[in-house]
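Q: Same order as they appear, the protein sequences are chains S and P. Sequential numbering from 37 applies to the first sequence in the working numbering. Sequential numbering from 113 applies to the second sequence in the working numbering.
Hints are computed from structural coordinates only; laboratory data are not their basis. We put the beta carbon where it would ideally sit given N, CA and C, even for glycine. One should not assume that every hint holds.
As the list claims (entries may be wrong) - Here are some, though not all, of the chain S residues that point toward chain P, as calculated from beta-carbon distances under 10 Å:
no., residue
1, Cys49
2, Gly53
3, Asp55
4, Leu64
5, Ile65
6, Gln66
7, His67
8, Asn69
9, Tyr77
10, Thr91
11, Pro93
12, Thr95
13, Val97
14, Leu111
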Amino acid sequence: MKKHDRKVLNELCNYLGEDLENPMCQELIQHVNECPDCQFYLDTVKMTVNIFRETHPTTPVPENVKKDLIKSLKLNKK
Amino acid sequence: METDRTAYLVKQAKIGDQAAFTELVELYSERIYNLALRILKNPDDAADILQETFLAVYEKIDSFDGRSNFFTWLYRIATNFALMKLRKEKRTIYTDQDMEEQFDDPEKMHIHEWQDLPLQDMLNDEFRRHLDEAIDRLPEIYRSVFVLRDLENMSIRETSHILGITESNVKIRLKRARVYMREELAHYMEEHIKGTPSK
């Protein structure tokens, strides 16, 4: 990554802990739009999150687990 | 997240309506099971957490005062059980200090040429195993934030309520976890896919 202003880098870094789809800092957006390295970095962080979502889909609760749960709670299943 | 139906079922369950409690279990067991599975990476452990969570809810529902969202309350109980299990049984390779030193300095960011790789073709078992191992190495305080925020789609505010930490802390932990995950993926791409060097 090429040399950046420290302030911009810190803002970029803070942004990585925010909602990635809703950047709030106009100065940061402007910088990222003009800087291929930062754009690339942000894109790959977003891609990482998407890959983890895609590789960890929702799994149905196994039937035996459901039965054990109802039994342990001593509930009568409808 | 909270619906009128849930509010009604909670109210009924508090006065001992078993059918209402059964419906709550049916409504939320899949999400609780998946939350535990994503944190603990083991179906048997996830089944245990599911059972412990609803047993605790069954015993404590009288004390649920409705000030917080039922779903947040439920998630908080499940997350606490999952984290307790993690603390008892597992070790993480990275410490909190490692995370701070390695993933807080923006000038240490590495860029690897992996953005244009055919990711759909790579989503195989080996790749998934690598991702799971990467999550396993993540200290629990980061793992829980990453799972709740990025895999369970909870808001920063909900995540802070569930974990009992400030929103600022959620953001700091989320940033470190995301950067860590990105670096893990980048190294994997570099070593296994193309052997491309960093810029």
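Q: Looking back at the hints listed earlier, which ones does the structure fail to meet?
A: 4, 5, 6, 7 and 8
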